[in-house]
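Asks: Protein chains in written order, with our numbering: chain A, 458 to 681; chain B, 458 to 681; chain C, 458 to 681.
Do not take every clue at face value.
SDA-like cross-link-like pairs, simulated, lysine to any residue; straight-line CA separation at most 20 Å [what the hints assert, rightly or not]:
(1) B:K509 - B:P544
(2) A:K511 - B:P555
(3) C:K509 - A:K596
(4) C:K583 - A:D534
(5) A:K511 - A:D534
(6) A:K509 - B:E552
(7) C:K596 - A:P492
(8) A:K596 - A:K511
(9) C:K509 - A:P492
(10) C:K596 - A:K596
Using C-beta positions, here's what the derived DEER-type ranges look like [said to hold, decoys possible]:
(11) B:A505 - A:F606: 48 to 56 Å
(12) C:A634 - B:I657: 41 to 49 Å
(13) B:P555 - C:E549: 41 to 49 Å
(14) B:H628 - C:A653: 34 to 42 Å
(15) B:I657 - A:I658: 49 to 57 Å
(16) B:H628 - A:G594: 50 to 58 Å
(17) A:G594 - C:S662: 51 to 59 Å
Hint data in this document are derived by calculation from the structure and do not stem from the laboratory.
Backbone N, C-alpha and C fix where the C-beta goes; we use that ideal spot for every residue, glycine too.
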Amino acid sequence: MFVAAVLLSDVEAGRSLVFPEETASSLVELTPAKPLSLDAFTLCLRFATELKGKREVILFAYRTQYFDELNVWRETDGRLSLYLSGPGAFFEVPELGPLANHVCLTWESLTGRTTMYVNGRSSASKIYQRGHRVRPGGKVILGQDPDNFLGDFQAEQSFVGEIFGVNMWDHVLPSVAIQLLSTGEDFSDANVLDWATVTIIPTGSVVEFQKRSLDLKPTTHALF
Amino acid sequence: MFVAAVLLSDVEAGRSLVFPEETASSLVELTPAKPLSLDAFTLCLRFATELKGKREVILFAYRTQYFDELNVWRETDGRLSLYLSGPGAFFEVPELGPLANHVCLTWESLTGRTTMYVNGRSSASKIYQRGHRVRPGGKVILGQDPDNFLGDFQAEQSFVGEIFGVNMWDHVLPSVAIQLLSTGEDFSDANVLDWATVTIIPTGSVVEFQKRSLDLKPTTHALF
Amino acid sequence: MFVAAVLLSDVEAGRSLVFPEETASSLVELTPAKPLSLDAFTLCLRFATELKGKREVILFAYRTQYFDELNVWRETDGRLSLYLSGPGAFFEVPELGPLANHVCLTWESLTGRTTMYVNGRSSASKIYQRGHRVRPGGKVILGQDPDNFLGDFQAEQSFVGEIFGVNMWDHVLPSVAIQLLSTGEDFSDANVLDWATVTIIPTGSVVEFQKRSLDLKPTTHALF
Numbered sequence: 458m459f460v461a462a463v464l465l466s467d468v469e470a471g472r473s474l475v476f477p478e479e480t481a482s483s484l485v486e487l488t489p490a491k492p493l494s495l496d497a498f499t500l501c502l503r504f505a506t507e508l509k510g511k512r513e514v515i516l517f518a519y520r521t522q523y524f525d526e527l528n529v530w531r532e533t534d535g536r537l538s539l540y541l542s543g544p545g546a547f548f549e550v551p552e553l554g555p556l557a558n559h560v561c562l563t564w565e566s567l568t569g570r571t572t573m574y575v576n577g578r579s580s581a582s583k584i585y586q587r588g589h590r591v592r593p594g595g596k597v598i599l600g601q602d603p604d605n606f607l608g609d610f611q612a613e614q615s616f617v618g619e620i621f622g623v624n625m626w627d628h629v630l631p632s633v634a635i636q637l638l639s640t641g642e643d644f645s646d647a648n649v650l651d652w653a654t655v656t657i658i659p660t661g662s663v664v665e666f667q668k669r670s671l672d673l674k675p676t677t678h679a680l681f
Numbered sequence: 458m459f460v461a462a463v464l465l466s467d468v469e470a471g472r473s474l475v476f477p478e479e480t481a482s483s484l485v486e487l488t489p490a491k492p493l494s495l496d497a498f499t500l501c502l503r504f505a506t507e508l509k510g511k512r513e514v515i516l517f518a519y520r521t522q523y524f525d526e527l528n529v530w531r532e533t534d535g536r537l538s539l540y541l542s543g544p545g546a547f548f549e550v551p552e553l554g555p556l557a558n559h560v561c562l563t564w565e566s567l568t569g570r571t572t573m574y575v576n577g578r579s580s581a582s583k584i585y586q587r588g589h590r591v592r593p594g595g596k597v598i599l600g601q602d603p604d605n606f607l608g609d610f611q612a613e614q615s616f617v618g619e620i621f622g623v624n625m626w627d628h629v630l631p632s633v634a635i636q637l638l639s640t641g642e643d644f645s646d647a648n649v650l651d652w653a654t655v656t657i658i659p660t661g662s663v664v665e666f667q668k669r670s671l672d673l674k675p676t677t678h679a680l681f
Numbered sequence: 458m459f460v461a462a463v464l465l466s467d468v469e470a471g472r473s474l475v476f477p478e479e480t481a482s483s484l485v486e487l488t489p490a491k492p493l494s495l496d497a498f499t500l501c502l503r504f505a506t507e508l509k510g511k512r513e514v515i516l517f518a519y520r521t522q523y524f525d526e527l528n529v530w531r532e533t534d535g536r537l538s539l540y541l542s543g544p545g546a547f548f549e550v551p552e553l554g555p556l557a558n559h560v561c562l563t564w565e566s567l568t569g570r571t572t573m574y575v576n577g578r579s580s581a582s583k584i585y586q587r588g589h590r591v592r593p594g595g596k597v598i599l600g601q602d603p604d605n606f607l608g609d610f611q612a613e614q615s616f617v618g619e620i621f622g623v624n625m626w627d628h629v630l631p632s633v634a635i636q637l638l639s640t641g642e643d644f645s646d647a648n649v650l651d652w653a654t655v656t657i658i659p660t661g662s663v664v665e666f667q668k669r670s671l672d673l674k675p676t677t678h679a680l681f
């Protein structure tokens, strides 16, 4: 009985952001724990959206003054994509549907290897932007795609729905760790963006909720 | 090996209601353990139906003298919906198909937040009927939509198929608890409607079955 | 907490091969631990590919001088197939999609029974090549289909994407073992091809990565 309780005890605990409508102004800025000067990263987030059809959806944006340093999109054709200051890498994924999905993305400069994970299952890896480096000094934004430094948003690219569990590491997590994260394990502190502690600055109609976690007594854990 | 056995040991145990045909008369009344005077709730149920195409299907109805206080539907377009005495909140979900699905719905007056869960996966939350209160003094009905106080049923809105595991709480369960419920864990006593003990008053051609649970010996559990 | 860690601790750990593009030259040769003189076998591998539409995809090839001794394909119609020196056995499977799938295949000469497994779920078994024997002296190839002894490759049959976890046994594993393998358990040393130790000889644009495993301390395992 206690197994499942423990396996899932941290799933979706913590804060959650609801973007109730399509706008060109509602957004959330996240304050990273350290500058995004990165030669590797793992980025994970959970989202649920009813947006469908031929529409781009911004999932994550890190913008410096002149560059889309690190953007993640759901493309009009349903693929997920990563842009690091230039043409993107594209990943075929199953249709994501309207319920919450766990999406992770890894990249490392040394080999250029980048891999997308949906609900713990890996895509075929791609070779992308080998030798590149993500530059510090920008802003991390959810909900909008900044076409210049924190402005020039387009409603038809905005995120509508719910986002939570946004975590980022400055290294590539092993795939088994990402599988565990997808089932709700929270064994590893994210050192760039930690959803449990990151400062969130909302603008516009976005609503922040506090999700409750299961209050399992320590004695339950001790049964193992 | 024993993990899966334990995880699934309570799935679908207990009573089950079969509505064998489309009628305007077959229904079941459930007697709540306390009045439905609610500023928050979690409602869960499992159902399997072969109804398809453009047809409304009533999943749960709580009717007071003048209001559809709390109705849950599968809409003609496949969405699930919640009505609290007025226009509804609508949730996009994957096509539910003919096999049994576990559906839960949470709502709280304080924030208006309402979330639909299908087989443990959450929808994007909606803001709905903030500040509202579900009123006591009505009847809980499965199988029919009462357009007045327990009457005026329409066969083409009736439920056909099997319903079971109807449980209701007077508060919002954390999402991790709902995930556990969807896998068959039964860790938490529902305090408004408890399927294990609720009095069921059937009318018409509805049939009540007793499902058997997996007979796990206590010694199996002790292996943990 | 520790249950999932152990269940999944070996999933996808170890080496991984990325075939970034369609070619008639990129391939990997695997050096078996013993000759493939086989009257039974279990072959497992994981792969992710974005190849779709009406295109054959070679998944595994074992070629002797005059025969395609043991080839596994994804056929143009999406079925998986096994060829042992002659017409093939075909298996209907769910659409595999672009994310990683775990595929296993068992065959034994005595009964001719052959079964395909996708992510631990078994196909209907087929009777195929009863009394046959896989002959030694060939080469094991990933990425290309050799139409003669290590040559005459066709780009439009090549594998594009990522392959890993290629393991082969000289006997039929029980289905429960294959289910465990699909979830990442690595309880059994493969005695013909062992992905953890097999010598890999790459040719062309194929890239070999080292996947990291979760660094779980032995004391964690000891909690069981």
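Asks: Determine for every hint whether it applies to the structure shown.
Replies: Hint check:
Restraint check for K509 (chain B) and P544 (chain B): not satisfied, since their Cα atoms lie roughly 24 Å apart, outside the 20 Å limit. Straight-line distance between C-alpha atoms of K511 (chain A) and P555 (chain B) comes to about 29 Å, which puts the hinted pair past the 20 Å bound. For the given pair, K509 (chain C) sits about 38 Å from K596 (chain A) by alpha-carbon distance, which is inconsistent with the 20 Å threshold. The straight-line distance between the Cα atoms of K583 (chain C) and D534 (chain A) is roughly 38 Å, outside the 20 Å bound, and the hint therefore fails.
A C-alpha spacing of about 6 Å is found between K511 (chain A) and D534 (chain A), which places the hinted pair at or below 20 Å, so the restraint holds. Between K509 (chain A) and E552 (chain B) the alpha-carbon distance is near 15 Å, which keeps this suggested pair within the 20 Å criterion. With a C-alpha separation of about 50 Å, the suggested pair K596 (chain C) and P492 (chain A) falls outside the 20 Å cut-off, and the hint is violated. At most 20 Å may separate the alpha-carbon atoms for a hinted pair to count; K596 (chain A) and K511 (chain A) exceed this at roughly 28 Å.
Annotation: proposed proximity of K509 (chain C) to P492 (chain A) is violated, straight-line Cα distance about 40 Å (limit 20 Å). The straight-line distance between the Cα atoms of K596 (chain C) and K596 (chain A) is roughly 53 Å, outside the 20 Å bound, and the hint therefore fails. For the pair A505 (chain B) and F606 (chain A), the supplied restraint of 48 to 56 Å holds, since their beta-carbon distance comes to about 53 Å. Between A634 (chain C) and I657 (chain B), the C-beta spacing of about 45 Å keeps the proposed range 41 to 49 Å intact.
In this structure, P555 (chain B) and E549 (chain C) break the distance hint of 41 to 49 Å, their C-beta atoms being roughly 21 Å apart. Remark: the range hint 34 to 42 Å for H628 (chain B) to A653 (chain C) is contradicted by a beta-carbon distance near 50 Å. In this structure the supplied range 49 to 57 Å holds for I657 (chain B) paired with I658 (chain A), their Cβ-Cβ distance being about 51 Å. A hinted range of 50 to 58 Å is violated for the C-beta pair H628 (chain B) and G594 (chain A), which are about 45 Å apart.
In this structure the hint that G594 (chain A) and S662 (chain C) lie 51 to 59 Å apart at CB is violated, the actual value being about 36 Å.
In terms of the numbered hints stated before, the structure departs from hints 1, 2, 3, 4, 7, 8, 9, 10, 13, 14, 16, 17, listed from lowest to highest.
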